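Chemist: Chain by chain, the residues:
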Amino acid sequence: MSGPSSQPVRRVQAGTTEAPWVRYLLITVALLFVLLFLVLPLAAVFTEALRKGAGAYLDALKEPDAWSAIKLTLIAAAIAVPLNLVFGVAAAWAIAKYEFRGKSFLTTLVDLPFSVSPVVAGLMYVLLFGAQGWFGPWLQAHDVKIIFAVPGIVLATVFVTFPFIARELIPLMQAQGSDEEQAAIVLGATGWQTFRHVTLPNIKWGLIYGVILCNARAMGEFGAVSVVSGHIRGQTNTLPLHVEILYNEYQSVAAFAVASLLAILALVTLAIKSVAEWRHEAEMKAAAELPPERPQALAVVR
Amino acid sequence: MNALISGAPSAGLAPLPRAQAKRTPQRVLPGFKLTLGYTVLYLCLIVLIPITALFFKTFTLTWEQFVLAVTSPRVLASYRLTFGASLIAALVNLVFGLLLAWVLVRYKFPGKKIVDALVDLPFALPTAVAGISLTALLAGNGWLGQYLEPMGIKLAFTPAGVVIALIFVGMPFVVRTVQPVLEDAEKELEEAATALGANRLQIFTKVIFPHIAPALLTGFAMAFARAIGEYGSVIFIAGNMPMVSEITPLIIIGKLEQYDYAGATAVAVVMLLISFILLLVINALQTWQRKAMGASS
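Residue numbers (our numbering), protein chains in the order written: chain Y, 1 to 302; chain R, 1 to 297.
Looking at chain R on its own, in the form it has when it is part of the complex (with noise of 0.2 Å):
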């Protein structure tokens, strides 16, 4: 009957099969030029107009004056640490979200509905707040830094702590994708494979593990995408020393505020670039989570 979307992540967009739509009589309903007219228009003024003029921008600069904004060496180490912070970041939540996702599905336990919701905090709180938050916990007076730092684990004010701030802004991508198709998982077949003999950690890696692969790789291209980006959370956390704890987006608003219009733009296009790249890998992984999730039920 109906296409039934089951375990569609809740944070992506999930165009589903288009078999329905097609058997009914097209544009029934009134409002299609009005609605895509104004869908259209909107998206022009407010999304691609102004990315346009990104684009544009950059075609003041000659070729070697952009790489050379691009390819400086205190860009080049903002590069390496958005990214390997980003990484990492993504990583650690992949690990801890497919937990989380496991934990809030399969098991029962007290406050269980508050831990729920609460996953969503890091969409909800600011990133500002939650930056001033994080360096308030881990600076050297903080409630944990006072014990780490007499450890030697210093975090605040170092690329540590940039990768505590991206791990908050990224968690809940992990857990809100991998928990529905968890839901959805079929007992039957852990059933199945128990009864031919498979033990818990077999089950776990050869059935369970291919069901959730691609809401757990959706999950994380999202964490590494948002983190990429992030700002707010980030600047006040990590101290911000030239080579050692900038971020590429603090690079672009360090030449902005020296009035280089030009080289912040230059930097900006290579991170616009970088996330075209990413949007696309996302949406070929929904996919294919979509086609294995048809293909099982």
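For reference, chain Y alone in the conformation it holds in the complex (with noise of 0.2 Å):
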């Protein structure tokens, strides 16, 4: 009897993989592809920023627009991530732990500003306070520029970046439910008591995520940028517009050092990611192993 069955099992193991060859042609493949389009762009940018040294690629760096690019860079994303940090928690709160009435149409207008195009969404904010625009006529008569000035760029930027923490949350909340929140109010915890101690810690890595790639956005966005920025040297140049400033200057080297710069930025976030993705699973895991008492902690996010 013992020859029929182990037969079996070992045709089932085979059954739910492929044969070594496949699996190696597959990846090899799937691993040139991520040579050809991810790696070698990523070497690229390095490669051209010291193409002339060291002492170029500094130099490059030192140059004052580079700095006041950068300062930009910083401010723009300082505004622009914290508004989109309340109103992404905001929006999950209220999504996430409610039920009312045309909650899915809200969740879709949440996700609007993805799908619309960079240079779309700076055309719209020229139409409004732009010279010819809505509030054109008002603002110049007061004084105040906001298009081809930095409120015009941290407007673009969050606009840009509006979704990016809401739909990590959103998800994130529902999965996880209300009966910890309403297990804590019941105790007779306030409501910021019971975000910041029941809540928060249960969103901390969803929202270190949504935050980081959040801030990569804001800092690396151009189409909506160029748009509003009106490209002043020195002025309202971000980074990224320095970058395009500079190449289309014939200045390879200086404009892959900045880039660099940003390239830098990209490494950083996909690292941070990453570390925030494995301590989320790792506490999952964990979490899973918990005595059935606590069901809860088995919903499972991502």
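One should not assume that every hint holds.
[Unchecked claim] Below, in silico cross-link-like pairs of lysine-lysine (DSBU-like), each with a Cα-Cα straight-line distance of 35 Å or less:
1) Y/Lys-204 - Y/Lys-103
2) R/Lys-206 - R/Lys-113
3) Y/Lys-52 - R/Lys-113
4) R/Lys-108 - Y/Lys-204
For the record, the hints were derived by calculation from the structure and aren't laboratory data. Predicted model only: the values in this text are computed from it and were never measured.
From these two lone chains plus the hints, build me the complex, please.
Modeler: Dropping the structure here:
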């Protein structure tokens, strides 16, 4: 009897994976694709930046225009990310914890900025605040500059990074339900205490994940910012716009040197994101091993 | 007990079945009016009012002017390039995204975690950086261009370059939507199919593929939608020749630079309507995916 019973077991194992040569072929093709489309472009940024040595690289970064671009990029991100963070938490709380009419429509609207072309987004703000826009005459009369100035850049950045944090938090908080929060309220905690001590620890990794992706996009946005900035060197140039100007002036080394800063930002973003994911998975695994008295810890997210 | 979402794509919003929330007494938790009010207010200020402004601006045009602005030969050529290149790029991403997701979920190989992290690079790397970097690689004196151009393959400054840039920006979508669904697929089904005598190819086409098809299509639609609006990475590599390698967002910028606000707005409205349609399609696909997931578990 042992003969026939061991036979199907082996066949079953063979049936849930591919022959070794198929596996190796698929892995090779996939890795070649990653090499061509991800690794090479990334490597090219640093090679081109260091083409004329470390001296030329550092000189390009020491330039005052590069510095003012760095400063403006940091300012735009420092305003846009906290604004969208507050919005993301508020929207996720409203959408995940309550039932109301038009909820799925609201969720779609939150997603909307992702599907709008960045150039169209920039144009919308020009039409609102530009010289010929709705508020243009009023703004001119009061000597407020939004388009071709820093506020316009911040607004465009806020728009393109609008959904990042909300869309990370909404599915996460929906999966977690509101049992724990309700228990906290029943036990006498205030709303803020409940959020601070019950909700926040549960959504920590999703929040970090959303914030760093939001930040990466805020610092790297090109199309929308390009439309509203006016490209005034040293004044309304963010880092990506500065890259474009240098590149179009055939200052290849300088362009890639500035670009390498943004590439480093991207790599740091990916590193933090991966760590956040691994930590989150580890916590999920730990929660799954808890005794069944705490079944809500099992809600699987991502 | 709890609604168990499994395989909700990380890149998409996944409103869950409402059964659970309905059962619990509503609005025990404080802050409903505050958070919903703030959400709606902020949404109006940042998103809805600007979009309304865009639509209102087109009403300053007569219908004939509008049609003329959005159907001039140069604009039509840009639609063909934008949609054609986006479609090809999304198809390439469909195939290679599925392959990457498959390899990352099913196989073990050295450096897997790094590859997995690297897949998100196009989300994190600013598009302008991607644009100049791909151009440097594919130009006649670049790492790849120096071998390709003698063979008669010219990629930089041609429509083919546009496709390459769009493949780059759209790459993570299919991988990230398919990956969780594949991880979630029950191996028992495959084992059962094997026991019933199916071979590996049959199992893939008849058991695995139907299971991941909704996620695959969602990722495809997201990559396509992203590619249509893309600007930063494309303009460096495209060469931007009118009628040949000029994408629609660049047409808008060109009209703006000539102070043709009404013309720019008309083309922008066309693009915006297309993105609305794609958003609805993606939403429908995600609903289908959740239903498919719910039915299988």
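Chemist: Could you run down the list of hints and mark each one as holding or not?
Modeler: Each hint, compared with the structure:
1. Our distance criterion of 35 Å between C-alpha atoms is met by Y/Lys-204 and Y/Lys-103, whose separation comes to about 24 Å.
2. Only pairs whose Cα atoms come within 35 Å are accepted, and R/Lys-206 paired with R/Lys-113 is accepted, the gap being roughly 30 Å.
3. Restraint check for Y/Lys-52 and R/Lys-113: the C-alpha separation of about 33 Å stays at or below 35 Å, so the hint holds.
4. Distance check on the hinted pair: R/Lys-108 and Y/Lys-204 sit about 30 Å apart at the alpha-carbon level, within 35 Å; holds.
Taken one by one, the earlier hints all hold for this structure without exception.
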